[in-house]
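Assemble chain V onto chain E, guided by the hints.
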Amino acid sequence: MNDWSRAVSARQADNLAVAIETVSGNQGLQIEEALIFEQDSPGHCGVDLPEPAPFRSRLGGLERQSLIGLPGLSEPQVVRHFTRLSQKNYAIDTGLYPLGSCSMKHNPRLNEKLARLPGLADIHPLQPLSTLPGALELIDTLAHWLKTLTGLPAIALSPAAGAHGELCGIMSIRAALEARGDRRIRVLVPESAHGTNPATAAACGYTVDPIPADATGRVDRAALEAKLGPDVAALMLTNPNTCGLFEREIIEIAEAVHRAGAFFYCDGANFNAIVGRVRPADLGIDCMHLNLHKTFSTPHGGGGPGSGPVALSASLAPFAPLPWIVHGPNRLELIEHKAGPAENSLGRLKGFHGQMGMFVRALAYMMSHGSDGLRQVAEDAVLNANYLRARLADDLSLSFPGPCMHEVLFDDRFLKDTGVTTLDFAKALIDEGYHPMTMYFPLIVHGAMLIEPTETESKASLDRFIAVVKALAAAARSGDMARFRAAPGLTPRRRLDETAAARKPVLRWRPDPVQRQAAE
Amino acid sequence: MRYLPLTAGDRAEMLTAIGAASIDALFDDVPEAARLAGPVDLSRAMGEIEVERVVSRMAARNVAAGSVPFFIGGGVYRHHVPAAVDHLIQRGEFLTSYTPYQPEISQGTLQYLFEFQTQVALLTGMEVANASLYDGATACAEAVMMANRVTGRRKAVLSGGLHPHYREVCETYGRFVGFELSAQDPGRSEDPARLVDRDTSCVVVQNPDFFGEVRDYSGLAQTCHDAGALLVVIVTEILSLGAIRPPGEMGADIVAAEGQSLGNALNFGGPHVGLFATRDRFVRQVPGRLVGQTVDADGRRGWVLTLSTREQHIRRERATSNICTNSGLCALAFTIHLALLGEAGLTQLARLNHAAAVSLAERLEQVPGVCLLNRVFFNEFAVRLPLPAAEIVEVLAAKGVLAGVPISRFYPDNDAVADLLLVAVTEMTTTEDIDRLEAALREVLS
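These protein sequence lines are chains E and V, in that order.
Numbers in the numbering used here are just positions in the first sequence, counted from 1, shifted up by 3.
Numbers in the numbering used here are just positions in the second sequence, counted from 1, shifted up by 108.
Isolated chain E, as found in the complex (with noise of 0.2 Å):
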């Protein structure tokens, strides 16, 4: 028995202890909470409304007759709901969140005071620009940031996310695409391409064409160039690629596809790793989606909001969608309608004029950084992950070789004839007290786990994070399979039935019948 499976079975007998039938189902912290919907007090309500002065109404017999079925709730009853709800959550804040692609830094918290400053969140989209020149000032700073960061001349700043930075920039390819008359009809997407890729490709009405990698994890160029010609309107490349590998024909790569006639989209949801040390112009890239949510800061929140600036070459940037900013002769103006400058956009992408909040946040993180932080920012980013990578090679199966990226990719050869599979690692590492990292993504490789730690981890915590990857790694080749096959075990909910779930959908809650019966 080694020191590992010794510690493992002194807690499981820990755990024996601790895990009594308690009468509540609470387990200490960790608290069982029903629904907003259970916890229905009539009579209770969790805010102090005044009551109008009489009045006539002018709804025109359109009133609502039926009852919301809404439940009422205190404000103390609230506040404690979704602060429960919040300790069943794993986060940043509480830990290392090593998800490849994700990028799941710290968020300063000076950049969610400033977001909220009233001049910045209490302002409505549809004031006259005459009451808005900071706004204006605001986000015509961060493009320039953006524009000088990527080399690229033009950033259309409106897109709510990656996936909607990806749509934009196939779009507006399509548009110049378009406007010389040239009809395409293929997009060529590298099997490793986040689901976005394709999905964005296939939405704006191409035929996706996959490009396979070669045996170092990057772009097969030969069967690149092979699938080159003129019916080719775009290559969506992600770079570095979703192996943590920087693409290293990449010029040569865009020179191809620009001989081609087509257009050279890069993915930028990895720009973490380069941010400051490369620009994407000098590779040849012509359009670029940025994730302020992952590169630049701004909290993911469970899930967005998100928000996805585009940045576009010169023969690409007439056609960026409304609305844009332009330099007038004494001010900053915004143009909102397919006319003058504009007359060639490819219009509107959504309402308004993009996601403010988050570019308030993101340029309060570049300007704390500057770009010398912000080199540093890359740096540290890939160091942290080569660390982890030269460290860990010998106890998990390193996919490729070489120095990575911000990222590093494994896959399950390690776990070979161990019976614990990819998916019970990660589960394990929850146990451990840490998010797992990405699991099967990008397909490529077999059992992928697709490790990011990113710049804002100190070396002490890559370390501990390190012992434990080497105690779980031993632990499987030890065979120790129940205990991965159990695992978690000690969060507030273990493994749940994800098949279940699909086969008969139950996506909102509904009064219990016999308690319906009963009111009635």
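Everything hinted at is true.
One side of the interface only, derived from the structure: several residues of chain V facing chain E at Cβ under 8 Å:
1. A142
2. V159
3. N170
4. V171
5. P211
6. D243
7. R424
Derived by calculation from the structure, the hints in this document are not laboratory data.
Ideal Cβ positions, reconstructed from N, Cα and C, are used throughout, including at glycine.
Frame of chain E; chain V shown alone:
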């Protein structure tokens, strides 16, 4: 740099462990031609005090809505957000977590999204709702695309009462995704039912419409259904459903809405939160994430992301939508605000809004030259002015009153709407604000 914990010593030690001579060695794969020798031409790192000063100066150049009498709506409404909402959404466990792909350590997010889905379904009178989309306008485009999938048709009829940004987003998606639109002129009486034929996938109407008029779409729903088309109802002021009959009771098949009014600040138009609700039978065609109830290995109730075979990360080019990140935290703000309000609070809040609007309408109707266009309204209505509305708005802004939205902002080339002004109130509007607007208008129009 305060956010970067590695020290120079750490970096040296780590490079040794890696076996790299320098940090540059780790960037060897970058083509030499593309390696920047030093920092780009932007300002250098700043401390918290400096950043706060720079950004605060920009903020101070704007007129905050709360500092003046304020009557702007047009799809974004200035409501009171209870203090508890903003406090709770800033808990790090909500703010700094990712999409709940690991359900065992994301039950907090999953449970509130399940509550959110239930609230949205209840409010709209529909059977099922998703876990949010980007905003109302993109939700509207997604609704049209879903109607196309459900019906196998590719032509949508858009009401002239649809928010112009929603219409423009549909036009953009339509051009590239490949569907046709037949859009009606704004501000005219219309009969979209007349345009429904065997090729129509859906009719898209808004309630209250862009001009604030509240309508009954039951008859239109019947016409749509008779022709095998769907009725899509857009709601840009979700609070209205605390006072008026919900789209579900009028026969809507899809409701796409903006949820900003509950829990979310104006934010200059974003981030906001798109709501999307429909009938059970269409659930497998819904775009975006869905949270479902299930049980864990011990048989205890829990929640997971479900029906993900619709989504891009599984289905790739055959997904129902390319959406991934949506508006989780804005949905949380919505859920908390609505939990605080409850049935009694929401209906009372809606009454307050309507009462304020009635009061304002009665006052403005007394101003010579001002003509109220609406017969029926909730908290927003349109008035015709004797002068171009954009000019009046600028003059009133200079007097410190933000009077509303000139319709010409959306339709600069349409002379028929140049004198229309859209005016909105909420529970934040005071009697003094109304006095100020009335007095300023009288002065300008006299």
